[in-house]
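S.K.: Residue numbers (our numbering), protein chains in the order written: chain A, 1 to 420; chain B, 1 to 250.
If you're looking for bench data, these hints aren't it; they were derived computationally from the structure.
Owing to the predicted nature of the structure, the values given are computational and were not obtained by experimental measurement.
Built from N, CA and C at the ideal position, the CB exists for glycine as well.
Everything hinted at is true.
Cut-off 25 Å, straight-line C-alpha distance, at most; resulting in silico cross-link-like pairs (DSS-like, lysine-lysine): (1) B:Lys-141 with A:Lys-413; (2) A:Lys-413 with A:Lys-337; (3) B:Lys-141 with B:Lys-119; (4) B:Lys-250 with B:Lys-209; (5) A:Lys-409 with B:Lys-141; (6) A:Lys-236 with A:Lys-309; (7) B:Lys-165 with B:Lys-116; (8) B:Lys-141 with A:Lys-309; (9) A:Lys-337 with B:Lys-141; (10) B:Lys-165 with B:Lys-36; (11) B:Lys-209 with B:Lys-165; (12) B:Lys-141 with B:Lys-120.
From the structure, some residues in chain B lie toward chain A, with a derived Cβ separation under 8 Å: (13) Leu-59; (14) Asn-96; (15) Phe-98; (16) His-100; (17) His-113; (18) Val-114; (19) Met-162.
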Amino acid sequence: MTTEIRSTTWVNTDHPAPAQKPPVTEVGVIGWLRANLFSSVGNTILTLVTAVALYFIVTGLVRWVSGAFWQPVWENRKLFAVGLYPIAQMWQPAAVLLMVSALFGLSAGRWGSIMRNLGVGLAALLLLFAIIPIGAQAQLVMAAGLGLLLIGYIAGARVPIASRWLALAWVLSMPATFILLAGGLNLPALGVRWQFVPFVEVNLWGGLMLTMLLAVVGIALSFPIGVLLALGRRSKLPVIKWFCVGYIELIRGVPLITLLFMGMTMLPLFLPSGWGNPSLLVRAMTAITLFSAAYLAENVRGGLQAIPKGQYEAADALGLSAFDSLRFIILPQALTKVIPAIVGQFIGLFKDTSLASLVGLLELVAVGKAVIQQPEWLGTPGGIAREVYVFIAVVFFVFSYGMSFASRKLESKLGFGKRQ
Amino acid sequence: MAGHAEDTDIIIVRNVNKWYGDFHALKNVSLTVKRKEVVVIIGPSGSGKSTFIRTINRLEEHQSGEIIVDGIPLTHDVRNIEAIRMETGMVFQQFNLFPHLTVLQNITLAPIHVRKMKKKDAEERAMQLLERVGIPEQAHKYPGQLSGGQQQRVAIARALAMQPKIMLFDEPTSALDPEMIREVLEVMEELAESGMTMVVVTHEMGFAKGVADRIVFMDGGEIVEIGTPEHFFTDPQHDRTKLFLQQILK
Ligand SMILES: Nc1ncnc2c1ncn2[C@@H]1O[C@H](COP(=O)(O)OP(=O)(O)OP(=O)(O)O)[C@@H](O)[C@H]1O
Ligand SMILES: [Mg+2]
Numbered sequence: 001m002t003t004e005i006r007s008t009t010w011v012n013t014d015h016p017a018p019a020q021k022p023p024v025t026e027v028g029v030i031g032w033l034r035a036n037l038f039s040s041v042g043n044t045i046l047t048l049v050t051a052v053a054l055y056f057i058v059t060g061l062v063r064w065v066s067g068a069f070w071q072p073v074w075e076n077r078k079l080f081a082v083g084l085y086p087i088a089q090m091w092q093p094a095a096v097l098l099m100v101s102a103l104f105g106l107s108a109g110r111w112g113s114i115m116r117n118l119g120v121g122l123a124a125l126l127l128l129f130a131i132i133p134i135g136a137q138a139q140l141v142m143a144a145g146l147g148l149l150l151i152g153y154i155a156g157a158r159v160p161i162a163s164r165w166l167a168l169a170w171v172l173s174m175p176a177t178f179i180l181l182a183g184g185l186n187l188p189a190l191g192v193r194w195q196f197v198p199f200v201e202v203n204l205w206g207g208l209m210l211t212m213l214l215a216v217v218g219i220a221l222s223f224p225i226g227v228l229l230a231l232g233r234r235s236k237l238p239v240i241k242w243f244c245v246g247y248i249e250l251i252r253g254v255p256l257i258t259l260l261f262m263g264m265t266m267l268p269l270f271l272p273s274g275w276g277n278p279s280l281l282v283r284a285m286t287a288i289t290l291f292s293a294a295y296l297a298e299n300v301r302g303g304l305q306a307i308p309k310g311q312y313e314a315a316d317a318l319g320l321s322a323f324d325s326l327r328f329i330i331l332p333q334a335l336t337k338v339i340p341a342i343v344g345q346f347i348g349l350f351k352d353t354s355l356a357s358l359v360g361l362l363e364l365v366a367v368g369k370a371v372i373q374q375p376e377w378l379g380t381p382g383g384i385a386r387e388v389y390v391f392i393a394v395v396f397f398v399f400s401y402g403m404s405f406a407s408r409k410l411e412s413k414l415g416f417g418k419r420q
Numbered sequence: 001m002a003g004h005a006e007d008t009d010i011i012i013v014r015n016v017n018k019w020y021g022d023f024h025a026l027k028n029v030s031l032t033v034k035r036k037e038v039v040v041i042i043g044p045s046g047s048g049k050s051t052f053i054r055t056i057n058r059l060e061e062h063q064s065g066e067i068i069v070d071g072i073p074l075t076h077d078v079r080n081i082e083a084i085r086m087e088t089g090m091v092f093q094q095f096n097l098f099p100h101l102t103v104l105q106n107i108t109l110a111p112i113h114v115r116k117m118k119k120k121d122a123e124e125r126a127m128q129l130l131e132r133v134g135i136p137e138q139a140h141k142y143p144g145q146l147s148g149g150q151q152q153r154v155a156i157a158r159a160l161a162m163q164p165k166i167m168l169f170d171e172p173t174s175a176l177d178p179e180m181i182r183e184v185l186e187v188m189e190e191l192a193e194s195g196m197t198m199v200v201v202t203h204e205m206g207f208a209k210g211v212a213d214r215i216v217f218m219d220g221g222e223i224v225e226i227g228t229p230e231h232f233f234t235d236p237q238h239d240r241t242k243l244f245l246q247q248i249l250k
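The shape of chain B in the complex, shown without the other chains (with noise of 0.2 Å):
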């Protein structure tokens, strides 16, 4: 059973602790993700959403538990923890950029220097992953020149740039002006239309309703409720869930 659950389960992860010192910030945590699919995680302030996904690319590390990512344990083996990296593409609230370094070269950076492609080869596609998310005449400016809808849009670029099989978003649009937010979210909700797997950590309830395959609801470090968005939105069970939804749809 297990060996078939590998092939469909992109990643998996089983009874994942995590503390700060002595806050217990991930308790039990088990999830796992299919390939193509999109989960989005919802729930409260401190409920511990970075720190779950974050412990997926070992951004944060785990004290106990179990986390596989497209058959490669996360364990303290640097090899491993630079495989899962680059099948893992990441997008930060706030963009997180290389200020130094133009549109292009942070889109290339990476595909030269950890792929190993040729620059012309990386520039060419990096071309094409602009085009994609919709500003190809802004490679030759710096970060700091372009509005924070159009920073994130290059984020979303960079992390494609490496090829992934997945991408995690933290709260994607939470540092954005209402009128960038849909911009960015137009590029995920293609992303997700092109087969991409992605766990995306968001408090926009119209794109959960929209492109997720599931929902997960976390609070206090744990999982309370995980169901598709009509379960969610029509008939959910547990009482902090509800709580939850009513606070935020209100």
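Just chain A, same shape as in the assembly (with noise of 0.2 Å):
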């Protein structure tokens, strides 16, 4: 109907109308090009530009990596993925990749969405160390935990687990990788020595093994007490807040080598006698865990400030006590408001764990150094250290991209359904 607007009275008798489809401007390959990459003068440029730089670039990556040196690498694999860990003993940290992977697969069968993703992730990554001739026992493990990720998987779609257990059951897992890679507890403060085969002492974890751990110990822990740390801050009673402010302001005031030194050094000084020495393990986890918790809190904090007063005024009114309120409003809206920024954390602290090299664990990091002054190699016109350094490098990334793509899956899916 034409719109007749002239006339000083005038009804539209069509309303409502039914609605359209928007108009189809560009269309195909020819239209997406146009539209995206030479919409303009300026922007032509720019995609020449960046289009030659890419060109160098890769073709230039392609040749170093096909003709690189990799044999250092290939042949260290072992070392790379646990350190030192016993040959004979192996069986042991392969029972924990296949507690994570059925786990895993439970959860993404459960939970779907971002464990979903995970999920597909450690599926790929199993999946190819099961083809790749990383030695036939090992591609069996690999091939076992693929296959248990898929049956937890059809598990956990099929049969409703309570969340409750499944939580629960990682919340154990975390003792229980420790007591499946030590081979027993050993906890000389309470008196604990029991064992199921010969301990594995920790000076003999490393690799990629070491630095998982490191990280998700470090996570884990520092995630609650972040938490406790960023609530104490606001608390009413000076005691706790000032202990709060004045603990974040000072480990943030001190970088972590520091830190990771004087859990080398002066933990013990802290701890009730009797509790005898950690191990270098335990002193590197606490350091990192502590630092971590720190910068967590702050971020904690602005996620709180940014929950309107409203919200608190409408869970006093509903009745709910003081820690209901925090639990199934407040917490839950501050967390989802800084998840890029608690996840950038974690990624960063994966990242940290490399410093543990320098207090002398086997991590990753340490492991590179280590083979790069194997005695094999001293020889090779340019050294291996481009080699080594390269594929640690693609190590973190491939995991650090993989929780960065979690985050933003998580934000979305927390998104609330808000109105486009």
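Please dock the two separately framed chains into a single complex, following the hints provided.
M.R.: What follows is the structure, encoded as structure tokens:
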């Protein structure tokens, strides 16, 4: 209906009108190219410059990668994976891998969304290493892990496992991992010494396995501590408030490496006597956790500040207790708001675990250094440092990117059905 | 006499004073509200209307005077405060729905965790309430996906889900477009008819005229005049009341 609006009164008799499709302006490959790459002279120049730069970077990389000397990395694959962990007891890390795969499968099936994305990522890695001839036994473990992941996925999707049991399983998987890897439980402080196989001393643990342990423990422990610190910082009780502020500012004022060294030399001073001498690993984990918690607290505080007063009031008016209001209303919103910051910080923590190499832990970077020093490769023209560090960088990148990807998924999932 | 009064009077406010810093926001305010009564509070901006109804469920703390809700004295005792909050539902100008929860979760949260209702029962009740406020089809949406009027009706359902004896409304339609004001007022009218005790701060004179049992006019932190709608709209006494009504009814 055409609009005749010159008359003083006019009624649109067609209202309500049916909605129509938006007009199609640019179609096909040409249309896309024109719209995205060559929409103006400036953009055309930018596109061409970028294309040339990309050409040189990619061809250079391909030439280097194909000509590079990958033998040291390949032959030391076991060292990169688990460090000096005894060959005869490799079934223990394998069991951990299988446990984690099964848990990922169950969670992906039960919870879907990000867990499914992470599960797919893990499945791809397992498949990759089941195919690459890294060794018959290791490949078999990878394949079994893949199988468990799939079975777990199906089971998780079919059987309505209570979320809280699955969460509990994840929590328990942490101590289980340590017991499995150590071959028992050795806690002199509590007088516990129990083993089901010969103990594997923690100084033999290493490689990617150790990097992962440092990162996962750091993340899992610093998260609750950080949240408590953030809440404590807003406490009305001066003692709690000032303790938290003091802690956060003190920790944020020193580099992680100094904390690591202090952990090595000073941690026993703060422990009750009789707790003996914590292992290098425990000391490094403590330092990383305490460090990360301070930064996390500041991130969480930012989220808490962004919650409008009305949310507290609505919770109060409904009669929710302070704890329930925090648990159901305030924290979920505050944490959602700062997911990118928190994940960014966890990625930082993951990469910072490499500093543990400086205090004597044989994590990924330390293994790299050791491999470079191996006598076999001393005669190699140009050395092998490039290959080793590129390999390590790729490993770090794969997991960091996985975390970053999961964070974006989580953000959009928790958009609470926002209107576009 | 007191014993008898406690039976019919569900809210008793005696000589309440409240300061924000040095600012005297409530000056010797006294008011009793009977069971099933609808009291509308009117007054110019900044006169202390919000402050007053927010002291009733302790969203604001008063410094002197006495407040008794359904026989429970409002003291510093957290148990008393929580007991009073369980008896009183509150609806805010800005809705204050929980954006990270669906409509259904918004309504069932407090019944499940405060009243300890079973999830299934709470959900059943929530659906009945959504039916009552006219939006059962929105149960699984998030607040951000609803119009203002729908959000406010969810907020009313959320407050009602706790089965309160008293409902407090602080300008429930002031943030709404004219088309949506009507739908919220209708819900409130229905609620008043059902016998709910209500204290309503509003500028909707039509609602005050039609639904209120009594109107309270506040100015400068004080109650200036109390009367029936008839009294207010035909025979206001205080000059300040007359001036206010003239301006608002123009
Ligand atoms: N948190 C606060 N701190 C300081 N002063 C406040 C605070 N809240 C309210 N006041 C002051 O107390 C007085 C009463 O405020 P109140 O919000 O109760 O008014 P009101 O009658 O509800 O007004 P409106 O119609 O604008 O909502 C105002 O002068 C206001 O500036
Ligand atoms: Mg107000």
